[in-house]
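Numbering (this note's numbering), first residue to last: -19 to 390.
Note that these hints are calculated values from the structure, not bench results. Where hints are given, some of them may not hold.
Pairwise CB distance ranges (calculated) [as the list claims (entries may be wrong)]:
1. Ala189 <-> Gln272: 43 to 49 Å
2. Asn211 <-> Lys46: 28 to 34 Å
3. Gln66 <-> Lys245: 40 to 46 Å
Only pairs whose alpha carbons sit at most 27 Å apart, straight line, appear in this in silico DSSO-like list of lysine-lysine [what the hints assert, rightly or not]:
4. Lys41 <-> Lys57
5. Lys343 <-> Lys366
6. Lys57 <-> Lys103
7. Lys341 <-> Lys366
8. Lys35 <-> Lys48
9. Lys46 <-> Lys57
10. Lys48 <-> Lys245
11. Lys57 <-> Lys45
12. Lys316 <-> Lys341
13. Lys245 <-> Lys173
14. Lys362 <-> Lys340
15. Lys103 <-> Lys41
16. Lys35 <-> Lys45
17. Lys316 <-> Lys245
18. Lys343 <-> Lys362
19. Lys103 <-> Lys366
For glycine and all other residues, C-beta sits at the position ideal for the given N, C-alpha and C.
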Amino acid sequence: MDSDAGAVYKRRRGSEPTVRINQTMLRRHGWSSTSVVESLPDEIVELILTRLALKCLLRFKCVSKKWKSTVESLRFKEAQLRQSQQSGDPDFLYVTEHNDDDDDDEVRIIPVLGSSSMIRTVKFPSIPNTNVCYGSCDGLICLFSHHTPNMVANPATRWHQNFPLSRVQQLLSNMCITESAWDTPNPQLGFGKDKFTGTYKPVWLCNSAEFGRRLDNTTTTTCEVFDFNTNAWRYLVPASPYRILDDHKPVYFDGSLYWLTECAKVLSFDLHTETFQVICQAPFSHIPEPQQVDMCILDNSLCLSQRNWPTQVIWSLLLHSNNTSWKEICTIDLTKTFSLPEELPCFPLPVALPVALLEKKTKLLFGPALMQPMVIHDLHTKSYHKVLSPVGLFGYPVCHFDSLFSLSPN
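Required output: the full structure, derived from the provided sequences and hints.
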């Protein structure tokens, strides 16, 4: 490269080549680094910017109105997210409620595993009894409880926005006061995106009978969908004709939310058409205990996991043009991977929660549950090592890619 161009290429071992601007050379020719970059074609500038860390991108918004407009455009946000997803394994965050005598109550999002240069421990206003929707959608996570307004947040940019309680949440809050916690339903909020319009939608689906006369118990289930444009919840009729395992988190994948029904069917909710559909039978015929099964996303596929001590089997759903089928991914020996806490020798063994396949599908990450650590299990050597011990913490693992997204359409 001609030195008069004022830039030096530099390659780090195992990384992409980067460009270091020679400021002295540029000044000698009456140039600035900004003028050099702005002289490049727009598509080249955008390609360079998508490869930068979010911290740099947020600073570059101050360089010029043109760069600010570029970074805030939907096209650029989508390109940056694709680049983040293609760069390797996601980051893994641990979402937990924190309180002590010195600090106000707060939600903390703690980085556990990954290479993100943007996320450290992030603090948001407290949501008592914090829960979090399964996974993330475009880098956004959704927090909720039964008692206080919900929140959508981007841990990488620190952006967040609250939205109000649904009718179902208000009923649950009242039931917690008047009834035993063991008698109160525990439905889980779903969060995803209409992939045709780009609209984000929180969705409640619960079994109506558990609420008695508080809901229309002539229907099998009750569904509420939130509209960020009107800032209001609305009932959706008809809802699912099948009862669901409503204390399991619905899983978002490719424009739809998924639940497992009590009769072991996979139920989908298309976020664009807002219709329910049973897409297939689970790879097992019945569900003896709800806590023995889990639904998750592994390797960009919808998966089901069933525990039958001392093993746990994980299947991946294969979607064909006219039918569906299940493929077994692996069988885990739980006696070698998980052990009971010494303090609770008589407590039932907690479930193992599959979170992600890592390092070209050679390792499986399990999230913490009931005082169990987060561990990585090597599928070849059958060994495992601890990533996080949630001592004194109760929270939820979330797969996450850095993004610039918020609820704003631009």
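Indices of hints not satisfied (ascending): The structure conflicts with hints 1, 3, 10 and 17, although it agrees with all the remaining ones.
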